[in-house]
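Trainee: Here's the letter readout for the chains.
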Amino acid sequence: MLTSFGIINYLSAQSGPWWRVFYDFTSLTKNIDAGLHNAMSPFWTTVTEMVIVGILFLLFYAVIGLFLVYAERKVCAFIQNRLGPNRLGPFGIFQTVADLIKLLFKELIPIKNADHFLFNLAPYIVIIVNFMVLAAIPYALGLHAVDLNIGIFYVIAVSSMSVIGVLLAGWSSNSKYSLLGAMRSGAQIVSYELSVGLALATVVILAGSMQLSVIVEGQRTGWFIFKGHIPAVIAFVIYIIAGTAETNRGPFDLAEAESELTAGYHTEYSGIKFAFFYLAEFINMFIVASIAATIFLGGWMPLHFGADNGFNRIMDFIPPVIWFFAKTFFLIWVIMLFKWTFPRLRIDQLLTLEWKYLLPINIVNLLIMAFIVLMGWHF
Amino acid sequence: MEEKVKDIDTDEQQEYIINIGPQHPSTHGVMRLVVSLKGETVKNVEPHLGYIHRGIEKMCESLTYQQIIHLTDRMDYLAAHMNNEVVCLAVEKALEIEIPDRVKVIRTLMSELTRIQSHELFWASYGMDLGGQTCYFYGLRDREMVLDIFEETTGGRMIVSYNCPGGVMYDLHPNFQKRVKEFLKHFRKVLPEYDDILTNNVIFHERTVGIGPLSLNEAISYGITGPSGRASGFSCDVRKHEPYSAYDRVKFNEVLYAEGDAFHRYLARVEEMRESMNIIDQLIDNIPEGPYAVKMKPVIRLPEGEYYQRVETPRGELGVFIISDGNKTPYRVHFRTPNFANLSVLNHLVKGFKIADLISIFGSLDFVIPDIDR
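Just so you know, the protein sequences line up as chains A and B, in that order. Per the numbering used here, the very first residue in the first sequence carries number 1; after that it's consecutive. Per the numbering used here, the very first residue in the second sequence carries number 1; after that it's consecutive.
Bear in mind the hints are in silico, worked out from the structure with no lab data behind them. Beta carbons are placed, not taken as given, at the ideal position from N, Cα and C, and that holds for glycine. One should not assume that every hint holds.
Okay, derived cross-link-like pairs now, SDA-like style, lysine to any residue, Cα gap no bigger than 25 Å in a straight line [claimed, not checked]:
| no. | chain 1 | residue 1 | chain 2 | residue 2 |
| --- | --- | --- | --- | --- |
| 1 | A | 74 | A | 94 |
| 2 | B | 43 | A | 348 |
| 3 | B | 38 | A | 187 |
If you want the footprint, here are the derived chain A segments under chain B, 3+ residues with CB under 8 Å [what the hints assert, rightly or not]:
| no. | segment |
| --- | --- |
| 4 | 72-86 |
| 5 | 170-182 |
| 6 | 342-352 |
Could you put together the complete structure from these sequences and hints?
Mentor: This is the structure we're talking about:
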């Protein structure tokens with residue numbers, strides 16, 4: 001169970017330049033682990049570590065959620081020639097905090113004839129799925145809660161479970177709008193899951209591993225989007241499209257198409273339960289962007305070209321955490337631009353796009369990548 | 001739940017009936033559409049009217065002609081100027097008054113500005129219906145400039161009440177010409193932006209091309225006028241066929257298409273904005289000097305008889321039918337409003353399309369709900 005805290009990182013054994021050691025979280029986590037071991041039995045050490053990690057993730061979840069809501073409002077205001085929130089605090093940064101407090105105190109309206117158990121369960125399923133995926137993402141060198149050897153597989157498998165929460169929400173609300181939204185969402189997420197999986201599999205072929213820390217480490221001599229050139233770029237584009245669709249965002253927000261279905265599957269939710277769905281959407285976006293950053297853009301790995309040269313060393317001065325979040329927020333910004341620029345697709349066009357275009361391209365792309373790796377035509 | 005399961009035995013009962021409205025973001029007002037669905041496919045749409053019925057026609061029977069004008073604003077509030085104008089033209093026709101040239105030109109200019117701001121709002125809200133929310137802010141930003149021009153001259157922004165029998169209420173504001181020219185210069189620059197963000201967008205094409213096609217014969221038999229009818233090739237522009245005010249002295253094209261789908265209904269409106277700018281260009285520098293209104297008696301009595309006048313509003317042909325018995329109030333007033341006629345075709349258009357197309361078709365017909373209910 002210790003893997004849940006300390007990273008299995010063969011890197012830490014290697015000695016390197018000072019900044020590598022300085023930016024490495026492994027020594028910090030190892031020290032905490034050793035300190036706890038001295039103080040209590042191994043069982044209680046594990047329990048304490050789990051509680052600490054859980055609390056850290058809760059805080060992280062809330063902060064990222066609030067920040068993304070604020071960022072979205074600012075980005076859309078920027079595109080739409082508006083100012084966005086600007087009253088509460090400098091540049092309105094406390095606006096989302098105020099909104100959250102409002103949502104916390106709002107009444108949870110009970111719905112007549114709803115299936116109350118499932119109705120209450122649905123938001124938690126969505127949230128729990130989010131947490132499970134967040135745990136598997138490497139945020140920086142050594143800052144990685146669970147480093148499974150099937151990391152990518154785990155991420156794909158777990159993130160597809162969020163559709164259960166959405167379907168439950170739509171079904172148990174006893175509302176026609178919700179049911180239509182949930183059915184759309186089900187068809188959409190299940191379809192686009194394929195493209196997400198295949199796009200990631202393309203890179204797995206190149207990386208030769210499913211373990212996220214190994215994938216990041218494999219990008220030490222160059223990010224996979226550069227290493228795998230054409231097929232990697234195609235996979236990246238497909239992943240961004242399919243990932244946006246999987247999070248019900250951007251031009252693919254059919255599940256909550258407000259001009260058709262008012263709010264889709266969460267029409268009947270109020271107060272903090274609505275806030276859960278709302279937050280989950282933003283965290284999903286963060287997850288999609290961070291996975292894309294990890295797989296294609298090197299995760300926390302600085303921009304490297306070649307094995308070891310002056311350029312790489314200068315890039316190494318920027319801490320890995322900053323690299324990771326810079327890449328992730330750049331991708332989030334791109335996804336936000338989609339949403340505020342494009343009109344919405346229709347459900348049959350959405351499925352046509354997936355089954356007739358993205359999926360065949362993806363399969364061919366996978367074969368090309370396999371061939372390139374076989375012939376050694378990558379960098 | 002068990003009862004519902006028992007009921008499902010015929011195809012008809014399997015229909016999934018969903019209410020769009022009375023409060024719904026894409027009906028643009030209090031309009032209720034009872035939609036029967038099979039899966040996501042629309043089988044039948046039944047519009048329920050009357051949520052905003054105010055009895056304007058009946059109220060007109062107890063008001064003088066000057067007072068009626070201020071009620072007509074409230075029918076099609078996006079074309080308030082045309083709604084005023086149609087009553088004024090009818091009264092002037094009945095009294096056989098010669099209207100000064102200046103009034104004619106002012107009315108034409110105001111009509112075309114109204115048309116532009118109405119189509120801008122259509123463009124904005126149509127983009128939002130299809131999920132492109134940025135369009136809404138672009139459209140409203142530019143519409144604001146027209147509303148400012150209205151405010152300066154008439155005192156009102158949307159409900160202008162600028163016309164009166166015999167002319168207009170006040171003279172043009174000294175800034176009017178300057179402001180209009182500034183607006184045209186700005187709008188010529190941003191109209192290509194509109195095309196970039198919506199007209200040339202692939203997803204927008206997917207959502208509108210071939211959706212809700214209306215043939216020429218159907219358009220004529222349903223009485224679909226305005227840009228919606230012209231998108232089907234129905235040459236129905238009152239400004240061309242029966243020129244009123246100063247339309248006989250300006251050159252402009254009647255925007256006609258043959259396809260008649262949602263995309264061409266949209267395109268017809270965007271092109272009309274360009275034509276309106278051309279009309280304003282021709283008139284803005286040649287506003288004749290003279291009085292802005294003819295002196296009228298304080299109490300207007302129309303001679304006994306029936307009078308009909310029609311004008312072209314941004315949504316189609318607006319007609320007013322006045323029966324007078326010689327009193328100071330009309331005996332009966334009837335408005336032929338374009339939206340009411342255009343609504344009749346909705347069920348015919350959406351049958352067999354998806355529910356998302358219903359929104360697309362409903363938006364492309366550009367309804368103003370108070371105009372339907374009156």
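Trainee: If you draw a straight line from the CA of residue 38/B to the CA of residue 187/A, is it 25 Å or shorter?
Mentor: 17 Å, holds
Trainee: If you draw a straight line from the CA of residue 74/A to the CA of residue 94/A, is it 25 Å or shorter?
Mentor: Status holds; Cα separation ~13 Å.
Trainee: Report holds or violated for chain B covering the segment 72-86 of chain A, Cβ cut-off 8 Å, minimum 3 residues.
Mentor: holds (count 5)
Trainee: Hinted pair, alpha-carbon criterion (25 Å max): residue 43/B, residue 348/A. Please report holds or violated.
Mentor: With Cα atoms ~17 Å apart, residue 43/B and residue 348/A stay inside 25 Å; holds.
Trainee: Check, residue by residue, whether the segment 170-182 of chain A contains three or more positions whose beta-carbon lies closer than 8 Å to a beta-carbon of chain B, and give the verdict.
Mentor: This one holds; 3 residues, not fewer than the three required, reach chain B with a Cβ under 8 Å.
Trainee: Mind taking a look at whether chain B covers the segment 342-352 of chain A? Criterion is 3 or more residues with CB to CB distance under 8 Å.
Mentor: holds (count 8)
Against the hints set out earlier in the document, no violation occurs for any number.
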